[in-house]
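Take the given structure of chain V and dock chain P to it, following the hints.
2 protein chains.
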Amino acid sequence: MASNNTFWLQLEKAEIGTRKTFDEVLDQLAFNDQGLITAIAQQADTGEVLMLAWMNRESLEITLKEGQACYWSRSRNQLWRKGESSGQVQWLKGLRVDCDGDALLLLVDQQGPACHTGRRSCFYFDLNGERLKVLNEPLVDPTSLYGKG
Amino acid sequence: MASNNTFWLQLEKAEIGTRKTFDEVLDQLAFNDQGLITAIAQQADTGEVLMLAWMNRESLEITLKEGQACYWSRSRNQLWRKGESSGQVQWLKGLRVDCDGDALLLLVDQQGPACHTGRRSCFYFDLNGERLKVLNEPLVDPTSLYGKG
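Protein chains in written order, with my numbering: chain V, 1 to 149; chain P, 1 to 149.
With the rest of the complex left out, here is chain V (with noise of 0.2 Å):
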């Protein structure tokens, strides 16, 4: 989607290779006004789009600096390193920003499932028209990855 932002926009035209620092970056995302951006994991080798998550600032920055996913989970309202409880731990490839700053895509290894239910996507429903199917059944238990879960 076109962006009001002049930062984004100057980008629009620019020649491959061209560099903005970091800090500059993270004053022009639009994260929204609870300080959020998506983020979506991509298992970097296969392309299989495992979750859809948020991150704040502190958290892309935890992110970039520690190498694996760490996102902010609005449902405890903190800082979420991916599998740290459950060891499914999501090793960072690399990372996307979109053409107007407003979604991240982390490549990502991940390690063992990245949902909760033990399923090695998140995205486990077909939904058409008429009916919502379940596609997968967990790889593991859920209670293995969250011990007395």
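Bear in mind the hints are in silico, worked out from the structure with no lab data behind them.
Be careful, since some hints might not be right.
It does not matter which identical chain is meant; a pair holds if it fits inside one copy or across any two.
[As the list claims (entries may be wrong)] Listed below are the simulated PhoX-like cross-link pairs for lysine-lysine, each with C-alpha atoms no more than 25 Å apart in a straight line:
(1) K133 / K93
(2) K65 / K20
(3) K133 / K65
(4) K133 / K13
(5) K20 / K133
(6) K65 / K93
(7) K20 / K93
Leaving out everything else, chain P in the frame of chain V:
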């Protein structure tokens, strides 16, 4: 992320093939306080993530009924049949819902570039802890997509 919604919780252990009706699902999707839900568009055959956009109930229903992606444009505050002015239609190949019903994944066959800049994907910036870098050039001049733009 785990849901507090019993509808999604009860599906966590459902067998493959378990079904719910479309109307039931529509009532349980976690549209935000603006009535919107995130929708990722992914090229069905290559797995390339093309863009992230938003849908309301109506645009989701139109997408499934018409077999091509229709979003809600937050900047124009109206339904946005992808490609209606540019011809860059997304034919729908499948639609996934995530574990807690707050994100959609559209598997599409993207005609031409997905991005308003004329690039195939909107995610054309690489970001690391030091800099942002432009990865791709437009495939086509965006003014050719939008007329006198």
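Hints and how they fare:
no.: 1; hint: K133 / K93; verdict: between (32 Å within a copy, 15 Å between copies)
no.: 2; hint: K65 / K20; verdict: within (18 Å within a copy, 42 Å between copies)
no.: 3; hint: K133 / K65; verdict: between (39 Å within a copy, 17 Å between copies)
no.: 4; hint: K133 / K13; verdict: between (43 Å within a copy, 13 Å between copies)
no.: 5; hint: K20 / K133; verdict: between (44 Å within a copy, 7 Å between copies)
no.: 6; hint: K65 / K93; verdict: within (12 Å within a copy, 37 Å between copies)
no.: 7; hint: K20 / K93; verdict: within (20 Å within a copy, 37 Å between copies)
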